[in-house]
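From first to last, the protein sequence lines stand for chains V and R.
Each residue of the first sequence is one higher than the last, beginning at 1 in our numbering.
Each residue of the second sequence is one higher than the last, beginning at 1 in our numbering.
Quick caveat, the hints were computed from the structure, so don't treat them as lab data.
Accuracy of the hints is not assured; some may be wrong.
Said to hold, decoys possible - Below, in silico cross-link-like pairs of lysine-lysine (DSSO-like), each with a Cα-Cα straight-line distance of 27 Å or less: (1) V:Lys340 - R:Lys55; (2) R:Lys120 - V:Lys340; (3) V:Lys340 - V:Lys427; (4) V:Lys192 - V:Lys144; (5) R:Lys107 - V:Lys340; (6) V:Lys436 - R:Lys120; (7) V:Lys76 - V:Lys175; (8) R:Lys107 - V:Lys343; (9) R:Lys107 - V:Lys349; (10) V:Lys166 - V:Lys64; (11) R:Lys16 - V:Lys175.
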Amino acid sequence: PRREFPRSDHPGELATMSVSAARAMFEGGGGGPRPSGVVPGSGGAKAADGSTRYHILKLDDTTKRPLAISCFAVNKDGSMVAFSPNNNEVHLAEFKDGAFNVVHVLAEHDQRVTSIDWAPNTNRILTCSEDRNAYVWDCDGAWKPTLVLLRINRAATYAKWSHNEKKFAVASGQKCVAVCHYEEESNWWVSKLVEGFESTVLTVAWHSSDIVLAAGSSDGTVRLFTAAVKGVDSKPSQIFGPDVSFKKMGAEICVINTNSWVQDMAFSPSSNVLAYATQDSCVHFLPTPTGAVPTQEAVQTVRCSGLPHRRMIFLAEDTLVAGGHGNNPTIYGLAGSEWKEGKTLDEAKEVKAEASAGASARNAAFKKFEMSSTQGIDDSNAAAVAILPTVHQNTISGLATCEAWTSGERASKVVSVGLDGRLAFWKVPSLEEAMKKLSLN
Amino acid sequence: MADEGALQAAIAAREKTVTSLLSNPPAAVKAALADPPYSSTSDETRRASAKVVVKALGAVAEKDIASVVDGLSGAEQDLLMKYVYRGLETGEQSTQLFKWHASLTEKAGMGCIMRALSEKQRV
């Protein structure tokens, strides 16, 4: 794999071109070779009021089409993002002057990278991949990887740092979660496997105490278990009742059943609620106050009107944003004591198909074949269905916010990335604004 | 585990209720949606149950479909969607069932379809 900073003389390489050149490309009517990956006249990267609708993070070198972003993380001050263009590399891009520039390529994994997590305070990056490994990357000038022997025989699917950033959990296809901590004597990250699932574990979430870990799996269950590690955690207190001594690492606290695969989960900032999204288009909220074991009956289920969500994060104690196959981040808000579905962040106004300016026979031909390969549309009249009204043209695969975008207890900005290779910034509305649904039900 | 006899008796009882309520279509639909045979292991029982629901749906005039769907709770809408797919399996009365499908999708969204297709409890 190439490690050098991608250079190109081709004006289509958005990753390297200057902001002014990019503006000229989209706002100018015709003129100049167009990047075949971006449909001309589609509203491009700019909205009518001149603000940027989305950024493209990485174009493929040969086809110049946007590469799908499979996983994503933001650093503490929002100045850098880490993403994987659906391959074995992790790219670090700086956000400067309104554009993204890839500054580092971390290439150590052999297979597709499935998850990236950026520890905000220690500035370490955790990556895991289908090659059954995880790496912890430290930065001192250059980024240096440290291998973590997870001791699993199947792909790692999801990785998350604990709040104190001294441990992390990696979910895997081996129906287990590897809880890892750094052992000083051996200078090595050591993993302890927590079994008990009946199928691939898809997601994990740390309780704010770092002693309890929640994991969701494609067997339709959410399990909470203890994850206190001797030497790393101080003597654990009883969060939910049962004994959480160091010896009982991995002891199950409770099992919550759902109807479908658990795609993603998150604890609220206070860790009083555990939210999880399942593949049957539901978002569930499990109250997890300290003192009592969480029960199945207490789960509040919100039936989503759209397609299932793939990723979710809490923006505040009473606001959750989730995005996925609907291509549109949706807010879920707490109204009193009940969680309800709120507005979507993307207004999804109908975008006029293909403006005639600059549309030549060559572009029409390009579009026809592009549509048939990216969207499976085999119609010569493809122009009419070419573009989805949402900013994202494909599933949202990552949602993130960072400390720099959070004021008080509330995040004001959130960023989403998708399998269409696009990254979009969203301003977070207030709770009242988000819950004002204009819909019929 | 599943007492087919008891389930079938319940379905027969439900059918009687629905027949008696056919003059009041919204109530008939609600009655038909009560007590789905989730624990049944027999295909025949499920088909019988679906028949009852389709019968109730047939009593509703096309222009009233939207209002009947409005009157159902979220859970009932999901259940109805499952029955619509069950009914579409037989190939009978499909035009009508498609109208119900369209109305349900408009009210409850794609999420309703997802739930009908992916839920473990099959109707």
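Here is what the structure says about each hint:
1. V:Lys340 - R:Lys55: It is violated: about 34 Å lies between the C-alpha atoms, which goes past 27 Å.
2. R:Lys120 - V:Lys340: Between lysine 120 of chain R and lysine 340 of chain V the Cα gap is close to 24 Å, so the pair holds against 27 Å.
3. V:Lys340 - V:Lys427: holds, 20 Å
4. V:Lys192 - V:Lys144: Satisfied, since the Cα-Cα distance of roughly 24 Å is no more than 27 Å.
5. R:Lys107 - V:Lys340: holds, 16 Å
6. V:Lys436 - R:Lys120: This hinted pair is violated, its Cα atoms lying about 33 Å apart.
7. V:Lys76 - V:Lys175: violated, 32 Å
8. R:Lys107 - V:Lys343: holds, 16 Å
9. R:Lys107 - V:Lys349: holds, 20 Å
10. V:Lys166 - V:Lys64: Violated, at roughly 40 Å.
11. R:Lys16 - V:Lys175: The hint is violated at about 48 Å.
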